[in-house]
Amino acid sequence: MSFSVKPSVTYVYKTFGEDSVPIELDVYVPSAVDAQDKSLPVLIWFHGGGLLQGHRRRIASHFINGVTKYNHVLVSADYRLAPQVRIPEIVSDVADAITFVRDTLPPKLEADAHVKVDTSRIATSGSSAGGWLSLLAAFYIKADIKVCTAIYPITDSRTSFWTTPQWPKDVPRIEHDKVAPYLNPEAPVMANNTPDTNRQSMYNYMLQNANLNSLLYDASSPLAESYAISSLVRAYPPSEPLPPIYIVHGSIDDKVEPAQSWDVVAALKERDPEGEGERWVYEEVPGKNHTYDFDEREEMAGLYAFLQKWL
1 MSFSVKPSVT YVYKTFGEDS VPIELDVYVP SAVDAQDKSL PVLIWFHGGG LLQGHRRRIA
61 SHFINGVTKY NHVLVSADYR LAPQVRIPEI VSDVADAITF VRDTLPPKLE ADAHVKVDTS
121 RIATSGSSAG GWLSLLAAFY IKADIKVCTA IYPITDSRTS FWTTPQWPKD VPRIEHDKVA
181 PYLNPEAPVM ANNTPDTNRQ SMYNYMLQNA NLNSLLYDAS SPLAESYAIS SLVRAYPPSE
241 PLPPIYIVHG SIDDKVEPAQ SWDVVAALKE RDPEGEGERW VYEEVPGKNH TYDFDEREEM
301 AGLYAFLQKW L
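Numbering (our numbering), first residue to last: 1 to 311.
Keep in mind that a hint or two might mislead.
Unchecked claim - Result set (SDA-like, lysine to any residue): computed pairs, CA atoms no more than 25 Å apart in a straight line:
1) Lys-108 x Glu-24
2) Lys-108 x Val-67
3) Lys-288 x His-55
4) Lys-69 x Tyr-11
5) Lys-146 x Gly-275
6) Lys-69 x Thr-119
7) Lys-116 x Arg-102
8) Lys-142 x Phe-16
9) Lys-14 x Ala-95
10) Lys-142 x Pro-106
11) Lys-269 x Asp-218
12) Lys-14 x Arg-102
Just so you know, the hints here were simulated from the structure itself, not pulled from any lab data.
All chains should be built: construct the whole structure from the sequences, respecting the hints.
Here it is, written out as C-alpha cells:
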C-alpha cells in the first residue's frame, strides 16, 4: 500500500455543499519524462471500499511503480461516500473527475509538473467498488474513455452475495456502535477517510449485515439494475463498439465473489463473442483473495500488457 508515497501534485476537481468542501485527486507523473515534446496517456484509478469508505492514497504499489515503468500519468480521485450521498451523486463525482482530467488538467499539469497529457488516451481502472466505478464510466456515463479496466470489481448489488450476510474468514464481527455515526444518512458528507478511523470498518459491517443496497439507494434513486454492469453491457447500443475491457479477479475472493465478474463476462460473450481474448479479457488468478494486488511483489502483468496494447 502506498499511503506514504507523495503524489506529484494534488488538485481539487470539484466542491460540494454550502461550505464548498473540496474533493481532490492526486496526480503521479513519471520520474524521468522523455525529453521529447511528447504527450502521455492518463490512467484514472478509483479506490475501493464499497463506496462506503476509502481514500485515494490507499493505492497498490504496482500503480505507483507503473507510472515510470510504463510512462503514463496516474490520477487517483476521491469521491463522496455513501450513505450520506447515494450512488447517483457518487457517479456524478466520477464523471466530474474524468471531465476535469480531460478539460482542466492538461494546462495545470504542464505548468506545475512540466508534463503534457494526451486526452485522447484516457483509461480508467479501479479496485473492488472502484472497479465498479471504472466500469460505470464506460457503460453508464459513457465517458469516451480509450480503455476500461477493473480489479475484483463489484458489478451488481442485486445478487445474493449482497443480500445474504457474509463472514470473510479474516474479519471479526463488527459491532454496530463502532460504525453507527457513519450509518446515519444525515451525518456530514465525507469524500474520504484515513485507515485509522472507524469508518474503515464500514465495508465489513455491510458484508456482515447484507445492507449494501439500503446504503447506496433510496426511494428517489433509480433501481439497482440501472447500475448493474451486465445489464448495461447488454443494453449498450449495437452500433457502438465496446471500449477495450480488462477484468481480473482472484479465484477465492470472499469479499467480492468472482461471480460478480462472471456475470459481466457472460454479457460480454453475448455482446461481443469475437472480441474475447482480444478487445476484452477476463483473467482469474488461482488462489488469490481480495486486495491480493496490494502485495508489493505483485506486478499485475496482465493488466499492464492490456493497457499498453490499447492505450
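Hints that the structure is at odds with (numbers, increasing) = 11
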